[in-house]
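Undergrad: Taking the hints into account, I'd like the entire structure generated from these sequences.
Read in our numbering, the sequence shown has 29 at position 29, and its numbers run on one by one without any break.
Hint data in this document are derived by calculation from the structure and do not stem from the laboratory. Treat the hints with care, as some may be off.
[Unchecked claim] Listed below are the simulated DSSO-like cross-link pairs for lysine-lysine, each with C-alpha atoms no more than 30 Å apart in a straight line:
| hint | residue 1 | residue 2 |
| --- | --- | --- |
| 1 | 81 | 92 |
| 2 | 60 | 31 |
| 3 | 92 | 60 |
| 4 | 81 | 19 |
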Amino acid sequence: MDSAFTERNVNEGFSGGEKKRHEILQMELLKPKMAVLDETDSGLDVDALRVVAEGVNRIKGENSMGVLLITHYTRILNYIKPDFVHVFVAGKIAEQGGPELADRLESEGYDRYVNA
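TA: This is the structure we're talking about:
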């Protein structure tokens, strides 16, 4: 990480991609048992998404860290493979499954849950 960042407050003046990379750095340093990544793919271009996903996968593998990844899109799942997929509607789990559920959501959308 660029040493100029040591002079800034946390996330001050960072772009969206820099904030996400900073979150990965924090996870590497703090080594949490569990990480909640809420829409971590939001606003990232393909290159930044790949860098963030590689960081998550590396930390997850090295530290056996649990990851709760919240997303509306499957793009990040090309890089971070889920063990489980849950669909929440009105604060409750409406359906759960494996990675194939994410693939189905990508092709069919969420209408079946919204209009139920």
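Undergrad: With a cut-off of 30 Å on the C-alpha distance, tell me whether residue 81 and residue 19 pass.
TA: Cα-Cα ~22 Å, so holds.
Undergrad: Taken at face value, is the distance from the CA of residue 60 to the CA of residue 92 at most 30 Å?
TA: Holds: residue 92 and residue 60 sit about 27 Å apart, inside 30 Å.
Undergrad: Taking 30 Å as the top limit, are the C-alpha atoms of residue 60 and residue 31 close enough?
TA: holds, 9 Å
Undergrad: For a C-alpha distance cap of 30 Å, please report whether residue 81 and residue 92 respect it.
TA: holds, 23 Å
Hint compliance for this structure: no hint is broken.
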